[in-house]
Structures are given as structure tokens and as C-alpha cells.
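Go by the hints and put chain B onto chain A.
2 protein chains.
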Amino acid sequence: MAKAPVLTPRSQDFPRWYQDLINKAELADNGPVRGTMVIRPYGYGLWERMQQEMDARVKDAGASNAYFPLFIPQSYLTREAEHVEGFAPELAVVTHGGGKELEEPVVVRPTSETIINDYFSKWVQSYRDLPLLINQWANVVRWEMRPRVFLRTTEFLWQEGHTAHATYEEARDYAAYIHREVYADFMVNVLGIDVVLGRKTPRERFAGAVNTLTLEGMMGDGKALQMGTSHELGTNFAKAFNTSYLSKDGQQKLVWQTSWGTSTRMVGGLIMSHGDDDGLRVPPRLAAVQVVVMAIKGDEAVARVREIGEALRAAGLRVQVDDRLDTPFGRRAVDWELKGVPVRIEIGPRDLEAGTAMLARRIPGGKEPVSIESLAALLPKILEDDQALLLEQSRVRRESRTSDVTTIEEAAEAAAAGGWARIPWATLGEEGEAKLAEQAVSVRCLVAEDGSVPDADDAPGTVAVVARSY
Amino acid sequence: MAKAPVLTPRSQDFPRWYQDLINKAELADNGPVRGTMVIRPYGYGLWERMQQEMDARVKDAGASNAYFPLFIPQSYLTREAEHVEGFAPELAVVTHGGGKELEEPVVVRPTSETIINDYFSKWVQSYRDLPLLINQWANVVRWEMRPRVFLRTTEFLWQEGHTAHATYEEARDYAAYIHREVYADFMVNVLGIDVVLGRKTPRERFAGAVNTLTLEGMMGDGKALQMGTSHELGTNFAKAFNTSYLSKDGQQKLVWQTSWGTSTRMVGGLIMSHGDDDGLRVPPRLAAVQVVVMAIKGDEAVARVREIGEALRAAGLRVQVDDRLDTPFGRRAVDWELKGVPVRIEIGPRDLEAGTAMLARRIPGGKEPVSIESLAALLPKILEDDQALLLEQSRVRRESRTSDVTTIEEAAEAAAAGGWARIPWATLGEEGEAKLAEQAVSVRCLVAEDGSVPDADDAPGTVAVVARSY
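Same order as they appear, the protein sequences are chains A and B.
Taking this note's numbering, the leading residue of the first sequence gets 1, the next gets one more, and so forth.
Taking this note's numbering, the leading residue of the second sequence gets 1, the next gets one more, and so forth.
No lab work stands behind these hints: they were computed from the structure.
The beta carbon of each residue, even a glycine, is placed where N, CA and C say it ideally should be.
Among the clues, some could well be false.
Unchecked claim - Mimicking DSS-like on lysine-lysine, the simulated pairs with C-alpha atoms at most 25 Å apart in a straight line are: (1) B/Lys100 / A/Lys100; (2) B/Lys122 / A/Lys24; (3) A/Lys122 / B/Lys122.
To be verified - Now the stretches of chain A that chain B is said to cover, found in silico as 3 or more residues with beta-carbon under 8 Å: (4) 84–94; (5) 106–116; (6) 132–145; (7) 216–227; (8) 271–282.
Isolated chain A, as found in the complex:
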């Protein structure tokens, strides 16, 4: 007898599957204010591990964490013309504080370029103060008309980096460094998602940037998700806030800036990249729980799983012991499957007699008996294999569902069929891009023929990657 599906199958209704998974794996709930979300402990654990891995990389890139206020005077937003145009429709505005109407309303930060430049302009005096490399972990608010948990929420959590440099070249190189060595390194090697790196078209650029670099992941339904962006801001904000420095040769010059961000949206990307009809599959390098050691029944099994848990922890693995005998074993096993813990070790009375355990692998699937003694030696390799398998599956999906096309019609068709299309940017152009937009298809990024990131929109041989997206 086939077991009844726990989730709506992906093939039947992908958005519903996504919502089912989030509910049943206890990742998040909708908040009471439209578009907000409650991140539950298991979902937050995924975000905490993302934070740890990202924070270490950001610090290796030389940036220091700091914290800027949630509330920004409304007037700040208007100083950079494109920036306010981009964000005005999404702002939450505080008009009352401490029981009184405020003299000037304040906005809840949608991003922090403006307030941060206000301080950079005070802190930066001379070339000795540069580069200034700052990151902050914070919540931001952008009022969402069509919210979806983790993907588009009115409030989300993120890191936002903000830097100031003496020259154009330094700023450009730093934005590219974050894009490649921080973001791509994390997404490929920890999240196991085979992201495409490229630059945004002018239409898709961040409001106030002169160049936006992006990382695009292909989800299980063939749509694209923007997983993170790194912007060159040129001197746009420096002009608006007069952020300037005295150069070595005694001249007052504007700083060149970057900003870059990744958010809780990555949790959504993780689910839609690696989830299957049984639930989530968490890459072992990310997983807060890599191995769950389950007692099936009996006091002896409980004692043994605790011992094994200790031994595996001592071997450097992230382990949880599940000895909740008052909950049926089957229900617990389904729950760990839903939550996507990479390996389950199951031990019951018969296993104890044989000195073996059942080892269930969530990522490739399958179950086999192994000797308890061998676990500590076996598991690290299994986990690395499964990490590699997720990335390989992500790569194969992207390659098999990406096609090279030569006309705008073919590009639109490929996107509608749940794939990505590659079309020469010289063929598509901004006019073609506008046409595709009418069919809810967008240029996710521009890439060079060899897959590298082009230096300019009009670099010869530039290819547009076109898709539907979240």
C-alpha cells in the first residue's frame, strides 16, 4: 500500500506544496499583520546557521558589524532621487510616538544607504579612514502587496553591507569580491545551490546603484529566485550626503561606494531548491542537526541512542537524540523527513541484539543496516557525499532546463514552460525586455559567453538569462 502523501505533490501544485512544507515542517507561520511572518525554531535554526556561515565570510572580507537605527527621518529618503522613487511605494511610516503626533514622520528602514551615509559623511575625513567596510544584521520593512512566506514578506531579516572607497576601481572590485568570494562561495558550497552569477540590466538595477551584480538560483519548478545582490553605488549617495575625504595629495574627493545584501529569502530558496514531495532536504554543511539518533522503543534503546549521540558529537557532528517514546515512532520519522535532517540512525530492540542500526539517508533516499561501531567513521563521508549530491542535482536541473534561443518568442515560450532561456542581449535589448515583462518574464541577469560576469551591459557577446521568477 502506497503511503498517503504528507504534502501536496510538487507536480500538482508547487506553490501549495511550498506552503504545506513550511507549515508541516514547522518552519514559519504568517504573522497577524499582513505580510509579516513568525519564524519558528526549526526555521530560525536554518537562518542562524546561514548567519554564522555568512558572518564569518563577511568578516574575512574585512568588514565589521555595526548597528544603525530602525527609524529614518522621511527627508533622508528623498535626497537620492532614484532611491526614493524606488522605495516610496513600499514604506511603513510612523506618525505617532510616545502618545503624540511627531513633528516629522519617520520611516521604518526599507534599507539603510541613506542613514548610513549620514554617518559615513561624519566618520570619513581623510584617505586614512578608507576603505570603510561595515555590515549590519537587521530587520527591514517593505510593504508587500503579494506576500509569500520567506520570499516576499513585509518584514524580513538580512545582512546589509555598506562600504566607502577612495577610487572607482576599489569599489568595483570590492562589490565583485563580495559577489564571488562571499555570496557565491556560501551559496554553492554551503547551500548547495548552483547559482548563476551575472549583472542586472538597467531596468532591474537597485534604486540608486550604477551596477547591480546578482546570484540567481533555479527553483524546483524552473522559476528563478534572486538569492542576493551586490551593488556599485558610484558616487550617487556620496553626492547626496556629501561623503568626501581629503586625498593624499590634499584634494577633497567624493567616496565610491558599494552595498550588498542577503536575507531570509534564502530560506525560501533552500526549500524550493532542495525540497521534494516528502519535505525539505537540508545540506549537511548547513544543517544545525546533521544526524538524528532515534530510539524506536525500549529503555535499552533510549540508553544506547544517548550514548551514540554523545560519541557522534565527540566526533564533531551536529547531533540530536530523539528518545520521545511517548510519540509513535512513525510520526517522529515522518517529522524528521519533513524537516530534512540528512541522516537518521534508528535503533530498536532487534538492532541492539544484532549490534546494528538502520541508517536512513534523506538526500539520496534509502535505508540500510550498518554496524553501530562503524558510525563515527562512516558518517562524515556520507554527509560530504550528500552535500555534493545536492549541488549536482541543482546543476543538472539548471542545465537540463536552460535552452539557448534566438528569438524573443522562443524565450517567452521557454520561460512559460518552466525553464530558463539564454538569448543574445544584442538580440533582446531593452525593448525586448519590456515586451517579455508584459508576459511576466524578466531578464534575470546578463552573463558573458564563457559564463563570467560582463564588465558592461554592452560588452560584446553578452547573453541575457531570461525566466519567470519569484
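Same frame as chain A, but now just chain B:
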């Protein structure tokens, strides 16, 4: 010739000294919206280390991190009568979102008991779901009329724990466990502050709590600072949100709850406890930089400090190398003193010839030459000694400036003179407490005669600790 003071001396103007230190050590700036603050990288580094240490202890206490929304429907606040009365005057209210006036205004969370109970009431069904132990790291907003950086700010960062238990006893014991094993352990053993543990009088309780446990530190001017609180909420919020569970014997029962918090205010407490006229002194166990290795001048010194930095890092110390020869040595040394890094190792050409370095200790003061070879062996003991010294100085200050008194007048006098007074609670009572309040003196907490935390306000022999406070 005596050097010109870098800061206003503490004895001359303590509040001005505090503000001077925060500016010159680059800990924080005032934000553009009244009462908000910008936490600069060095100040944020103190907070990050506090977070790490606290987070580990909170997790050891069995709690899991989660995240609840910033925005709370205004109607939620009104469900618990005392709670709304306490917080209504401090709320920031969002009336517009996405370019439109909202149907129901939302408040920016001043604390999260209400929104969290809304979810606890959904998540808790049976006794199997208890205890539910949740913590969140978040920003909160309480509109401040008399703001002071780190101590009272309109927006601050904190952790807030929220738990639900099956019985009164379990909730009571958990609140006490957090108070003692998490908060006091951290404050005494990491922050080096000899906090007094006690219970609040009814007048000083958290709005909605049935009992508030507190940790009070004595600052450099003899005033008290509330460093953290742990509350028993009884069934107050459970009643308001119908948070109930099916017990083992099949009855529907209300849960018993706790909540507990510590915030960026601890950074203010750290400054006011350990700072002196030369700047901050950071306890070694907290310090993100325990040792700075400074090159005085010359390329050879630069090469050598980098080597020494590597060697000390390999020995497990948190080290920063300062080889910024383009900034005068004296200015750099003053800056590290201001920032309170526990140990400076200074190396110039003459030191290299002798194979020695100057070792400057910020906490006891003083400088002596030591052999470079011996550093890795010497430093761990020096740092532990200095950690102990800060705690000892904190203890001596508190003991020498606390007096036992028998009348309300004496208590008020002792507080006005910059000290704490201990007076029998039976002598003071709520009437005496109200009288003291007229002179800006408050009961910081109630303690038992033996220094333990009393089980009730009216336990025999209970003593009130009375002081001016921040």
C-alpha cells in the same frame, strides 16, 4: 608634566565623562531620530561578544531561538490590562503602509509577550508540547523622553525569552534558573560586575508580571543600574490569549509563563562599572580584542608584531595587530587605552635588539619589559588575574558604599550621597517606598538577610536595597 585629560574626569562630571568616553572610544553616536543610537563597530563588538556568551547560556538552559514580527496589531496590547497601561505611553505607532492609511494601526513592539502568546496558544495543545522555551534576539522600541545612549534609548537591541510550563512551580523555578544560572553567571563571570540578585517590589514589577527578579549593579558613581530581569507571569497572559493545554489526566489547563530580558543597556553598565578617567576597561573574557600588538616604528617591528600576533592567536588569544605607522604611536596608544583593550604589547627598534617588548596592562595599570619569548605563556594568567581584579573592584565598591540603616531619612541620605542603603522592608514598606520616590530614590530590590532571593515580598527578615538609579 601631567598629561592633559582625554576625558572629563569622573569626579568632576560623571554623566559628561560617560558621554565623552562613548564618543572618544567610538562606541556609539546619537541617531537622527531623537533617542535612537548608532552602535559603531567597536561598541557593536562588545555587544556581539555579549550575545555570544548569553546565547550559549540560553541554549544550555534549553531554549531555542525564534523570531516574531516587529509589528503588533494595536488591539493585542490591550488584552492584558496592566500590560497596556504600562506600555501605552511609550509606543511608536505605524499608521501608513505602502502609501495608504492602515485600517488598524500597528505598534512597533515594545516587548513581545502579546504577539508571542498569540502563537503559543496555537502551538501548545497538550502536556507533550510543554515546556515551550523560546528566545529571540530583536530590536524593540519604547519612546524615550530623557534618552541616554545605551541606558535609555528609543530603540534598543535585546534578547527576550518567553516560556510556557505546565505548573506554577516549574515556571517559578525556570524564572529563577534564568536569573541565577544564565544572567548572574554571565554578569559576574564574564562582565565582572558584582550584581545583587533580588526581587522587585510590587511598584517596580514588570507590567503584567506576578513576580520580577532583578540583577542590580553599582556604577562608578554609586548609582544602581538594573542589568536584567526575569519575570514570573503567572497565568495573566495565558488568560488573555487562552494559552491552555490538555493535561495528562484530560483536563484543559492554562499554562504558567515566564519572560526575561537583557539588552544593549549592559554595554552602558559595563562602561559605568569599569571605566576610569583614561577610558573603558574591558574584562578579558568579554573582550573581542584581548591583546593588541603594536609596532612603534620601523619595518622590522612591523614584521615582528605580525609574527607575534600569529603566535598569540595560535595560543588561543583574541589578538589585534596595530602596524599603522602612518598614525603617531602616542595617538594610537591613547586610543587603545580609551577602548580598554586589556593588554598592549609595544615593540620598537630598541626592544627588538633586546629581545623584549613593553607589556602595558590596562586594568591594574603599569608597564614593564618582558621577554618576547615568554608572552604566550604569561598572557593567559595575566588576563585571568585582570578579569578577577575587575570583579573584586566591583565587589569592594559595592560593599564599601552600601550601608545598613534603620530609618527612611537615613536611606534617602545614603542614596543622595552616592551609595546604597539596606533597610528592613518591614520598616520601609510601600508607603516609605512612595516617600523615597519623591526624592528620586527607589527600592532596587528585596533581598533576604543572608543575601539570597526571598520567596515573597513579606518573607520575614526581608531587606530593601535602596538607591538612586539609571
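Here is how each hint holds up against the structure:
1. For a cut-off of 25 Å, the pair hint linking B/Lys100 to A/Lys100 stands: about 20 Å separates their Cα positions.
2. A distance of roughly 14 Å separates the Cα atoms of B/Lys122 and A/Lys24; the hinted pair therefore holds under the 25 Å criterion.
3. Our distance criterion of 25 Å between C-alpha atoms is broken by A/Lys122 and B/Lys122, whose separation comes to about 48 Å.
4. Counting residues of the segment 84–94 of chain A whose CB lies closer than 8 Å to any CB of chain B gives 7, which reaches the minimum of 3, so the coverage claim holds.
5. Interface restraint, the segment 106–116 of chain A with chain B: holds (3 residues with C-beta to C-beta distance below 8 Å; minimum three).
6. Residues of the segment 132–145 of chain A with a Cβ under 8 Å from some Cβ of chain B number 7, which satisfies the need for three, so the listed coverage holds.
7. Here's how the segment 216–227 of chain A fares: 0 of its residues keep a CB closer than 8 Å to some CB of chain B, so the rule of at least three is not met and the hint is violated.
8. With 0 residues having a Cβ less than 8 Å from any Cβ of chain B, the segment 271–282 of chain A misses the three-residue criterion, and the hint is violated.
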